[in-house]
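Enquirer: Take a look at the letters that make up each chain.
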Amino acid sequence: MLNYVWIGMIGIGILVAVGNDVSDEIRNPYRNGTVLEASFDVQKNNASLTPTYDGEFVVPAKYIADIYGVAAPSAEIHQSARLILPASGVGTLEMAIGEGSPSIWKTMAVGYGTKDKLAGRVVAAKLSDDRKHIRVSMVLDKVSYVKIRAVTKAAIDYADIAVTLSLGLIGVMALWLGVMKVAEVAGLLKVLTKLLTPVTRQLFPDVPPDHPAVGAMIMNVAANMLGLNNAATPLGLKAMEELNKINPKAGTATNAMCTFLVINTAGLTILPATAIAMRAAAGSADPGIIIGTSIFGAGCATVTGLIAVKLLQRLPKYKKELEVDNG
Amino acid sequence: MVELFRNIINIVSAVAIPFFIVVFLGWGFFKKVKVYEVFIEGSKEGFGVAIKIIPYLVAMLFAIGIFRYSGAMDLLTAALSFITKPIGMPAEVLPLAILRPLSGSGSLGLMTELMKTHGPDSFIGVLASTMYGSSETTFYILAVYFGAVGIKNTRHALPAGLIADLFGMLGALFICRMFFGI
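These protein sequence lines map, in sequence, to chains X and P. The first sequence begins at 1 in this note's numbering and counts up one residue at a time. The second sequence begins at 1001 in this note's numbering and counts up one residue at a time.
Bound-form chain X, shown alone (with noise of 0.2 Å):
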C-alpha cells in the first residue's frame, strides 16, 4: 500500500501542479502584462549618473482589486521600493514584498523565485512640479508556472528537512539509548515486562512475553502517555530494533511491529503538550480544556488502529507477504 499512496503522492502532485499552471497561463490571474498605475512617493533622490529614487509605492486598495479581481486589502498599499530612470532605455521599479503586501503580490514573489521582491519595467513616469512624487505606469515582469516552482522548491526543502530531522535525533538518541542500555543490563525492564505481560501478550501474542523488545516496547507507550515525545521516539526505535531480532523476514514488518506502529501513531497521550502550549500561546482562557477531548479523540483512533491492524492482518494478501521464501 504505502508504494500507490508513495508515488500517487508524487504523481498527483506533479499533475495537478502542471494543471493549475496550464490554467492559470489560460486565465492569467496575475495580469502578465497588465499596465499598472500608481503614485511614487521620493523619499530620497539619489544624485548619481542614473537618476534613481528611493521611496514608496503607493496603490489604493480597490485598485488592487480591480486588476486582480480578488478582495480588496484592508488599507490602501504603500510599498518600499526603488525606481531607476536612465535618461535613455527602459526603467525598472523594484518592490520590496513583505508583511504588508497585498497576497496575491506575496504568491507572486514566490513564484517569480525572489519571494521578497517583485519588479517591473517602466513604461511611463512624470515627475510632480515639487519632485516628491512620480506618477509612475509600469508592467510586472511575466509570473508563469508558479504551482511547478513551487513544487520543485518543496521536493528539494524537503529532502533537506528530512536529514536535518534525522540528524536532529542523534542526541536524544544517543541519550536515552545510554539510559535504556543500564535499565536493561539492571534487570530493571524485565521487572516492568512481567508486570505487564496480561496486556502484551494479548497486544503481542507473536513475541514472548518477557522479551527486551515488550519492556522498550511499554517505555515507549509510557513515555508517549506523559507527552514526552523526545524520549518517546527513541524508546520507540530500541522497541523496533528488538523486535527486528525475532523477526524471521529482514526488510519486512511483522504482525507485532505493524501493532507497535498503529499504537504510535494513534499518539494516546494524556497530556497532549504540544497542543496545550500553542493554545497558551495563542491567549487561551482555559489551554488544558483540550486534554479531555484530546484522550477521547485518541483512544478512538488507537481502539480502531488496533482492531483494523488485527483484522488486516488475516487477510490473505498480507499473511503471503510474511511467509520466508525456501527457495
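Since the hints were made in silico from the structure, they are not lab data. Warning: the hint list may mix true and false statements.
Below, in silico cross-link-like pairs of lysine to aspartate or glutamate (DMTMM-like), each with a Cα-Cα straight-line distance of 20 Å or less [unchecked claim]: (1) 1152(P) x 94(X); (2) 153(X) x 1074(P); (3) 117(X) x 94(X).
Put chain P on the given structure of chain X with help from the hints.
Expert: Structure of chain P alone, referenced to chain X:
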C-alpha cells in the same frame, strides 16, 4: 477537580524525565552495573540509527512536500467537503484533518493559524487543537520507525494507521460537538 488534575499533569510533565533518568541509572548503580560504561555502550548506537533513517525520511518527506505545495490539497479538500459538511465538520478545519497524518510542522502551523483567526476558545479553535492532540504524524512515524530497522515492506501498517487517523479525527469532532457544540 479540574484544577487539581491540571496541577498533577504539570508536575508530571516537569519531573518525568529526571525521574526516569534517576530511577534507571540509580537502579543500575544499586545493582552494581558499571553505569558509565554501559551507558556509553548503549549510547553508541544512537548515531547509527539516526543515519539509517535518512533515506526513508527523505523518500517520505519529499513526496509529501510535492503533494502539499502542488495545490492537490485544495482539490482534496474540495472533494472531501461533500462528506464532511453533512457530519458537521467546519470547512476551516478540514485541511488540518488532511494534513495531520502527513506533516507535523505543517499541521502545527495550520492549527496555530486557525486559533489566531477564530480564537483559541472558539469552537473551531477547540476542535483544531483537539484534532491536533488526537493523532500523530503517521507518515513520519512510519518512515522513522521502520527506517531504523530497514523495513521496506510495511504491509498493513499504513492502512491501519490511516484508519486510526480517520477515527481519531471523527472522534475529536464528535466529542467537541457534544461538549462545545454549535
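Enquirer: Each hint needs a verdict: does it hold in this structure or not?
Expert: Hint by hint, here is what the structure shows:
1. Restraint check for residue 1152(P) and residue 94(X): the C-alpha separation of about 50 Å exceeds 20 Å, so the hint is violated.
2. Between residue 153(X) and residue 1074(P) the alpha-carbon distance is near 19 Å, which keeps this suggested pair within the 20 Å criterion.
3. This hinted pair checks out: residue 117(X) and residue 94(X) have alpha carbons roughly 7 Å apart, not beyond 20 Å.
In the structure shown, a violation is registered for the earlier hint numbered 1 alone.
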